[in-house]
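In order, the protein sequence lines correspond to chains B and G.
Yeah, the first sequence ends on 411 if you go by the numbering used here, and it's all consecutive.
Yeah, the second sequence ends on 411 if you go by the numbering used here, and it's all consecutive.
What the hints contain is simulated information worked out from the structure, not anything from laboratory work.
Keep in mind that the hints are not guaranteed to be accurate.
For chains that are exact copies, the list does not tell them apart, and a pair is met inside one copy or across any two.
With a straight-line Cα cutoff of 30 Å, these simulated DSSO-like cross-link-like pairs (lysine-lysine) come out [what the hints assert, rightly or not]:
no.: 1; residue 1: 111; residue 2: 35
no.: 2; residue 1: 111; residue 2: 124
no.: 3; residue 1: 35; residue 2: 64
no.: 4; residue 1: 64; residue 2: 128
no.: 5; residue 1: 124; residue 2: 316
no.: 6; residue 1: 108; residue 2: 128
no.: 7; residue 1: 108; residue 2: 124
no.: 8; residue 1: 111; residue 2: 128
Keep in mind it's a predicted model, so treat the numbers as computed, not measured.
There are 2 protein chains.
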Amino acid sequence: MSTKPIIVMKFGGSSVANIDRIKAVAQRVVNAKTSKTNVAVVVSALGDTTDELEAMAFQIMKEPPDREMDMLMSTGEQISCALLAIAIRALGREAISLTGAQVGIKTTKSHTKARIETIDNKRILKAFDAGQIVIVAGFQGVTEENDITTLGRGGSDLTAVALAKTLKAQVCEIYTDVNGIYTTDPRIETNAKKIKAITFDEMLEMASLGAQVMQARSIEVAKRFNIPIHVRSSFSKEEGTMIIKETDKLENIAVRGVTCNKSEAKITIDAVPDKPGVAAKIFTELATAGISVDTIVQNVSHTKHTDISFTVSKNDLSKAIAIAEKVAKKIQAGAVSSDKNIARVSIVGSGMRSHHGIAAQMFETLAKNKVNINMISTSEISISCIIDQKSTDKAVKALHSAFKLDTLS
Amino acid sequence: MSTKPIIVMKFGGSSVANIDRIKAVAQRVVNAKTSKTNVAVVVSALGDTTDELEAMAFQIMKEPPDREMDMLMSTGEQISCALLAIAIRALGREAISLTGAQVGIKTTKSHTKARIETIDNKRILKAFDAGQIVIVAGFQGVTEENDITTLGRGGSDLTAVALAKTLKAQVCEIYTDVNGIYTTDPRIETNAKKIKAITFDEMLEMASLGAQVMQARSIEVAKRFNIPIHVRSSFSKEEGTMIIKETDKLENIAVRGVTCNKSEAKITIDAVPDKPGVAAKIFTELATAGISVDTIVQNVSHTKHTDISFTVSKNDLSKAIAIAEKVAKKIQAGAVSSDKNIARVSIVGSGMRSHHGIAAQMFETLAKNKVNINMISTSEISISCIIDQKSTDKAVKALHSAFKLDTLS
Chain B
3 MSTKPIIVMK FGGSSVANID RIKAVAQRVV NAKTSKTNVA VVVSALGDTT
53 DELEAMAFQI MKEPPDREMD MLMSTGEQIS CALLAIAIRA LGREAISLTG
103 AQVGIKTTKS HTKARIETID NKRILKAFDA GQIVIVAGFQ GVTEENDITT
153 LGRGGSDLTA VALAKTLKAQ VCEIYTDVNG IYTTDPRIET NAKKIKAITF
203 DEMLEMASLG AQVMQARSIE VAKRFNIPIH VRSSFSKEEG TMIIKETDKL
253 ENIAVRGVTC NKSEAKITID AVPDKPGVAA KIFTELATAG ISVDTIVQNV
303 SHTKHTDISF TVSKNDLSKA IAIAEKVAKK IQAGAVSSDK NIARVSIVGS
353 GMRSHHGIAA QMFETLAKNK VNINMISTSE ISISCIIDQK STDKAVKALH
403 SAFKLDTLS
Chain G
3 MSTKPIIVMK FGGSSVANID RIKAVAQRVV NAKTSKTNVA VVVSALGDTT
53 DELEAMAFQI MKEPPDREMD MLMSTGEQIS CALLAIAIRA LGREAISLTG
103 AQVGIKTTKS HTKARIETID NKRILKAFDA GQIVIVAGFQ GVTEENDITT
153 LGRGGSDLTA VALAKTLKAQ VCEIYTDVNG IYTTDPRIET NAKKIKAITF
203 DEMLEMASLG AQVMQARSIE VAKRFNIPIH VRSSFSKEEG TMIIKETDKL
253 ENIAVRGVTC NKSEAKITID AVPDKPGVAA KIFTELATAG ISVDTIVQNV
303 SHTKHTDISF TVSKNDLSKA IAIAEKVAKK IQAGAVSSDK NIARVSIVGS
353 GMRSHHGIAA QMFETLAKNK VNINMISTSE ISISCIIDQK STDKAVKALH
403 SAFKLDTLS
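Given the sequences, and given the hints that come with them, work out the whole structure.
What follows is the structure, encoded as structure tokens:
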């Protein structure tokens, strides 16, 4: 059995959008596969394949059965992994493509959002021993009954990280269309800097607060099994961002990044009777309806009544208002109002644990820039403020500069 | 275990070329699945999918590896069977799609032209017991190592027939874009009649002599296991042609059909020394080069030399001429000439065995119509004449009428 170090490389849909890009990926993979390393590659479906397949199904039926959708959608990755294997063979190197089923990626039965349970490494290690580069179809697996499943959004990242764990890979490289993780969205702040290294926890926090490079699920798995992730560009040789366990090597800075998120709306219920169990009623009803609530603020009560505000995803807003109004009536609360024009601006950094005064500095910075704070919520390594949506860019720039993120080397 | 009679229905690429046709096929399948029957459906890839996938591979590499081509091409049938299952569910009926691997269609390792070795019926019977219509991806299987294979041209027909055998189906229905098997090509003879029933042997003979509805391989399997095949149109409810074992029920007529084939060319070697083993030399060399020879005629020899003529596929002509010239030199024969402007016209019918004078009637008919006969070859149930290509239509019409095929009811 081969004991060479193993690298897992994952290429997203835009990296394999057409034949020329597939050839470029093949060249990149071939360069990585030296006599001293083994390489397993995970690919997503070609550019628009997923959308095209979905559109065909929806032309037939509004809510097609999940099992059949998985059967259909999984062909996208099967096509791209076969083509990449061909492109590598065209460069004169050995390669073999494998579906999720062929690798032995066993999942739960939850079609369209299955979870990986086990991965068999035998077939891949056998291919490594035969000197082959292994191309694995991302996003898919099979149940015990051999039914094809898919892993939901960001599924190919998950395949890559889980594979890296199974193969005891040195690193899991996630190739994408950006150069790495930035201190903030470069479309808002042109001085945003690429972060060299970030901890799993910081990345998780940034992902949940609006950074869109990787899905939280894959980072959680990487964190649990301590798989270093290298997020980098398919289109350049530049080093990207390492996502790693917290170590002494990581520069101990208070704030690693600034995120913003405009996908939430705020609901306020006025004059809620200030009695135990009343707030619970509202949030239980929302949870039962499958609506997840983010920040909750209950104003300090000077009377026997209090105002409760909370944020929900804009997608859930009308449903949430209806529920809030129903409950408000039942508990004899006042009016229900809502506000779509809000944004969440957050700062994230493990260093907050040891640095003091970060929250104060954030509030002062916003105040100095005349950004009004609506609501505040904090976690161990982040602070978020809900503000007026129109102030988003101003707030992001001000915070980015105040915490000296634009001076990172 | 369900003991209901089982029907296998197979739909080709043109029958599932677009969403509307898939819906029509779904309706047809749903009509066939009564409370008293179980239905397994085999589908080919959607219209142009196969060509599109192939084109992508060839853009990357001139001769892509067979294993990866099978991985790629097999997605076509996986897509169509998932879509058909969705379309059946849209009609409110239970359906499940299965890949070749999921059914358990085990094949040899000869990628792109694998042979089916065994089919497991467990998964399908389980689905039948659950009241489901089963949709199987045609054209594909897996090796013992779980590598995806494809079965080559006409592979979906083969899947259908083999499945019918495994399931002990009552009938295997092959849905296509024609109404059945005709007494001759209706594009040549507008009076061609649909044949109600034909024997496996007659159909095999007609397929090898130019009729293009079904590949010989599938008919051979059907014959071996005595699976009745019903060739019929996807676009009409009309009964098609039954391909069955020879029985007393089949009308005992001498000639069942007339075929023609313009894909061959003739090669003649003059003045071949009339010694034992000389002809063998020529045909051994051709066989070694993988060229298959059809009709061979050696003229009666009055001297110590003889002329040998034979036909080969036009695709192999230049290669065959080169070999013939090399051998002619070695055996001190005369010139090698060739003729592309030939056609094979054949009559086929099991009744020939018991009817006399059929050959004479064929030759007389051609003579009366001034069609010159170049070469003749016969089998137990067919007679073929090689004629000038420009006389093909005239010969076909004359024979069709002489053997009263236009008066079949």
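Evaluation of the provided hints:
Within a single copy, residue 111 and residue 35 get their C-alpha atoms only as close as 35 Å, which misses the 30 Å cut-off; across copies the closest is 28 Å, which meets it. In this homomeric assembly, residue 111 and residue 124 come within 30 Å of each other (Cα to Cα) both inside a single copy, at 23 Å, and across copies, at 20 Å. Only between protomers do residue 35 and residue 64 lie at most 30 Å apart by alpha-carbon distance; the minimum there is 24 Å, versus 45 Å within a single protomer. Taking the shortest Cα distances, residue 64 and residue 128 sit within 30 Å of each other only across copies (28 Å), while inside one copy they are farther apart (43 Å).
In this homomeric assembly, residue 124 and residue 316 never come within 30 Å of each other (Cα to Cα): the closest approach is 46 Å inside a single copy and 48 Å across copies. When the C-alpha separation of residue 108 and residue 128 is checked against a cutoff of 30 Å, the pair qualifies both within a copy, at 19 Å, and between copies, at 21 Å. Within a single copy, residue 108 and residue 124 get their C-alpha atoms as close as 14 Å, and across copies as close as 21 Å, so both meet the 30 Å cut-off. Both within a single protomer and between protomers do residue 111 and residue 128 lie at most 30 Å apart by alpha-carbon distance, with minima of 28 Å and 18 Å respectively.
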